[in-house]
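> Chains as they are written, first to last, in my numbering: chain A, 1184 to 1491; chain B, 734 to 1092; chain C, 745 to 1027.
Don't read these hints as lab results, they were simulated from the structure.
Any given hint could turn out to be false.
Partial selection, computed: residues in chain A whose CB lies under 7 Å from chain C [what the hints assert, rightly or not]:
no. : residue
1   : Pro1222
2   : Ile1225
3   : Met1227
4   : Met1237
5   : Val1239
6   : Phe1243
7   : Ala1286
8   : Thr1294
9   : Ser1322
10  : Leu1328
11  : Gly1335
12  : Glu1337
13  : Val1340
14  : Val1343
15  : Val1427
16  : Leu1430
Non-contacting residues of chain C with respect to chain B, defined by C-beta distances greater than 12 Å in every case (computed) [stated by the list, open to error]:
no. : residue
17  : Ile750
18  : Tyr758
19  : Val771
20  : Ser780
21  : Glu792
22  : Gly803
23  : Met862
24  : Asn879
25  : Ile882
26  : Trp887
27  : Glu918
28  : Glu919
29  : Ser923
30  : Phe941
Just a sample of chain C residues kept apart from chain A, beta carbon distances all over 12 Å, derived [as the list claims (entries may be wrong)]:
no. : residue
31  : Glu799
32  : Pro806
33  : Pro812
34  : Gly816
35  : Val820
36  : Thr824
37  : Phe827
38  : Ser883
39  : Ala885
40  : Asp914
Computed from a prediction, not measured in an experiment: that's the story for all the values here.
The beta carbon of each residue, even a glycine, is placed where N, CA and C say it ideally should be.
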Amino acid sequence: MEEARRRIQGGSGVSAVAGVAAEKKDPRARRITALLVAPGIIWMVLFLVVPMLMMVYVSFWTQKTFTIEPTLTLNSWIAFFSSETYFGALLRTIRIWLIVLAATFFLGYPTALFIGLFIKNKTIQTIVLVLCVVPFWTSFLIRVLAWRPMLGKEGAVNIVLQKIGLISQPIEVLLFTEFSVVIGMTQIYVVFMVGPIAFMLSRIDPSLIEAARDLGASTWRIFRTIIFPLSLPGVVVGAIFVSVMVLGEFATSAALSGRKVNLLGNIIVTQVGSLKWAFAAVVGVMLTAVMAIVVAALLRLADLRKEL
Amino acid sequence: MTTILDVKNVTKLYDGEVALDGLSVELQVNEYLSLLGPSGSGKSTLLRVIAGFEMSDAGDIHLAGESVAGVPAHKRGIGFVSQGFALFPHISVFDNVAFGLRHREDDPVRDEGDVARRVNEMLDLVGLADLGDRGINQISGGQKQRVALARTLVADPKIILLDEPLGALDANLRARMRIELRRIRQQLGITFMHVTGNEQEALAMGDRVAVLDNGRLAQVADPDTVYNQPASARVARFLNCYNMFEGRAGDDKQFCVGDASFPYPSPQDASIGPGTYCVRFDKIRVAPATAAPRPGEAGVRATFITSEYSGPSITYFFEGQGNKVLEVEYHLSHRQPEEFSPGSEYSLLWSPGDALVYS
Amino acid sequence: MENRPILRSALALYTALFIGFLYAPFVVLGILSFQSGPEGGPQFPITEWSTYWYEHIFGLTPPSRVAPLPIGETLVRSLTLAFTTMVTSTVLGTMTAQAFRRRFKGSGFVFYLVVLGMIVPGVLVGLGIALVANNLGISRAWWGTAFVAHVVYTFPFAFLVMLAIFNRFDKSVEEAAWSLGVPPMRTFRKVTFPLIFPGVLSSMLFAFTLSYDEFPRTLFAAGADLTLPLAIYGTFAVEIHPNLFAFGVLTTLFSFSLLTVYGILMSISIHRAKKVAIQEEIE
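With the rest of the complex left out, here is chain A (with noise of 0.2 Å):
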């Protein structure tokens, strides 16, 4: 860096000079800074980054029936590639992930479209995101458990559409499937998706989309030239929040499948449930495995840190 930046100033003897002193100025300055991300950093390092090496280093425990021992064995590993339910259960978690992380772009998109782009007023761009974070107040566990009495056999849903003639017979894989469990997860986490995709929106200046009609560029060319790329960085959020929250999902799938579709979470849980940490290690860091790729991958579209 140092080096490089000397490069740059070309060899100017003033600034040659200058630039080393910059580099130890200010030493109260940095003190107080060092004061005051110390307790942040401290707080994560503990609290997150020694828990997940933890959960790393005990996925190569030995289990007992209902202990587990430092003495290292890749058997929990061997157990979970071979067998066809776990290995299962990641495939259908990846597979959940992408369809509810559609559902919720393709269904939260208009809408945050329409918050962010077409009210102006500001007053009622906050009520109407205020309504969409108001349900968040309610346990998501009860909210969950209210698509129950919706999709059931005997469900609001069924009894609507018997009603209207659609159906003679009540639909009955509404509840308990996979479909119920993706509604669910729809549901709850479209918000996330709306959210920074609309305060991305809303960031716009409305003089570049006039210009541009202006120019004559149809509505969906200034959709698909200005407006989607500007809104990149608010998908890329949204997608990084409903991504991390559905990976790590098991009350949905609990509450909404009747145990039929078993994820990483639900693995995690019930291994826990049953003392076999080591095991439940191993799911933890195939989950974490999944994770990091995928906010890596969605990472690459746009830089956060700028876009603060």
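For chain A, the structure is supplied; the task is to place chains B and C on it using the hints.
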């Protein structure tokens, strides 16, 4: 005269870009120094370094004989008025002015009666006696400027730095605040350093004017000297009242600009070139293209474009060789306004002794 | 864009439907919470309209085979936890964001370390903290292990909110205070903090909401004493009853009334500001 502020060889870099390049300047007690520079010349940076908001990368600053190296901003006793006024929006005008008295580290005023007395005195001085209870968003721009000044003055600083203090005001208000500022200064006898990008403001306010160029001082002198004898072509350009011709020294003791050539102002200047030949706007007279120049006069042909009337003076715009815009200013107390027809050619004439040449 | 009436109406209609989708569960909750009790189940049709389940929540019904929701204790725990989490994460978030106002070496690292807290799935944080606690022989508790896990989650949100606030903060008022002789700490207390307070409030609101409803992290980290979400989770492992729905309706109504009060307060203060502004113009 005693020096109160002594800035020596101060250098400041931003991301490897030089903002101040070994700059030195001195300020005498009770002096008013105007610092004139275009944007990016480092003038605000200099003030920020002196105030202690930024650390210089090299050089020394002495305040009343003592180095301020390592002294944080709140212990320097330097007043600072910024362009946006930086008033505290959450408290009243009175509390804004009282803020420093109440909360400063050294010698805070504990007695509220004392605070009230001093604040009201100061609000009186700046002409805001009745507005103490107002919120900051309930007063006008000019009033904000006065509050900012009162807030700084009440703390009784050794010197006051003004960072484009009038820049956010409209022209009318700016002229009034200039007078106000001068009155306050005469009443209190405080040392001021006033940074501005406006040449008229700099010349009008300063006992001395310092012209800043690329992080260095290009000239420090009294306003008259700066105005009449800029130290360099660049200074002349900042003053914004000179027509400038780039050219070279000709064979016949003349300064050549394209096809035209002008006599040098004085024999000592002869052979300067390549360089810049400067003629002040108000030293030029306009004559019909056919009229013969008076003996010894220099001149160029130019096409009249338009004129601009500004009360005490009128400025005529001409287009010379190579689409160069030339300006001529008539001070109406000396000369009568004239009518020129747009698109026609005229001679712009001046006496060589009034011109300046820089290499 | 606003001069495309058809597109605009279509999107408005869509948004209305979308909000309907978000609120659909509440309609169901609302209807089914009036199911007859104690024999009526959590499904259609309503056998008989009654307020039995609301009375059930407050313990006003004669004992039946349906156990009362363990709301009292767990609610207090959840509120306490949410409150302490809110305070801790807002303090940490403000401090860290304040440090980010200066450029410093390693700021990129710190940024991603903090943001990691909201990126790592909750179940993993819970699992990791449980593993560490078990190995160190620390007993897990909602006020200990669950609390630190909650802050790991809410601190990044508070940090990002404060970072955005500071990005828009005009530093010159602080400099003005310094130049008046006021030291930095007192400047922060008297000038900076009052000015960033709206941001601090919203970061507190964020942290409180997230912590109050937090479930995956709490599941492994809370130990024996349950928080409210854990208690609710516990009920649907066995059998759910409409009392859960009645509770959902009550919390929603509570949120809305809080929001209404907030909205009224806001509009009053805006109204007052406008009035002052108008007076100014008349003068």
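> Against this structure, judge whether each hint is valid.
Hint-by-hint comparison with the structure:
1. Pro1222: 6 Å, holds
2. Ile1225: 10 Å, violated
3. Met1227: 5 Å, holds
4. Met1237: For A/Met1237, the interface hint holds, since the closest Cβ of chain C sits about 5 Å away, which is under 7 Å.
5. Val1239: Violated, about 9 Å.
6. Phe1243: Not OK, violated: A/Phe1243 not within 7 Å of chain C, min 12 Å.
7. Ala1286: 11 Å, violated
8. Thr1294: 5 Å, holds
9. Ser1322: This hint holds: A/Ser1322 lies near chain C, its Cβ roughly 6 Å from the closest one there, short of 7 Å.
10. Leu1328: 6 Å, holds
11. Gly1335: Where the cut-off is 7 Å and the nearest Cβ of chain C is about 6 Å from A/Gly1335, the hint holds.
12. Glu1337: 6 Å, holds
13. Val1340: The hint is violated - A/Val1340 has no Cβ within 7 Å of chain C, the shortest such distance being about 10 Å.
14. Val1343: 10 Å, violated
15. Val1427: With Cβ-Cβ at 5 Å, under 7 Å, it holds.
16. Leu1430: 6 Å, holds
17. Ile750: At about 42 Å from chain B, C/Ile750 clears the 12 Å cut-off, so the statement holds.
18. Tyr758: 40 Å, holds
19. Val771: C/Val771 clear of chain B: closest Cβ-Cβ about 44 Å, beyond 12 Å.
20. Ser780: 56 Å, holds
21. Glu792: Holds: least Cβ distance 58 Å, greater than 12 Å.
22. Gly803: Answer for C/Gly803: holds, closest chain B Cβ roughly 47 Å.
23. Met862: C/Met862 clear of chain B: closest Cβ-Cβ about 31 Å, beyond 12 Å.
24. Asn879: Fine: 47 Å to the nearest Cβ keeps C/Asn879 off the interface.
25. Ile882: 43 Å, holds
26. Trp887: With a cut-off of 12 Å, C/Trp887 remains clear of chain B, as the shortest Cβ separation is near 36 Å.
27. Glu918: About 8 Å separates C/Glu918 from the closest Cβ of chain B, which leaves it inside 12 Å; violated.
28. Glu919: 5 Å, violated
29. Ser923: 4 Å, violated
30. Phe941: Non-interface label fails for C/Phe941: nearest chain B Cβ at 9 Å, not farther than 12 Å.
31. Glu799: Given a closest Cβ separation of 19 Å, the condition holds.
32. Pro806: About 25 Å separates C/Pro806 from the closest Cβ of chain A, which puts it past 12 Å; holds.
33. Pro812: At about 16 Å from chain A, C/Pro812 clears the 12 Å cut-off, so the statement holds.
34. Gly816: 16 Å, holds
35. Val820: Holds, because the least Cβ-Cβ distance between C/Val820 and chain A comes to about 16 Å, which exceeds 12 Å.
36. Thr824: 17 Å, holds
37. Phe827: 15 Å, holds
38. Ser883: For C/Ser883, whose nearest Cβ neighbour in chain A is about 16 Å away, the distance exceeds 12 Å, so it holds.
39. Ala885: Its Cβ never comes within 12 Å of chain A, the nearest being 14 Å, so this holds.
40. Asp914: Label holds. Min Cβ-Cβ 17 Å, cutoff 12 Å.
Hints 2, 5, 6, 7, 13, 14, 27, 28, 29 and 30 from the earlier list are contradicted by this structure; the remaining hints agree with it.
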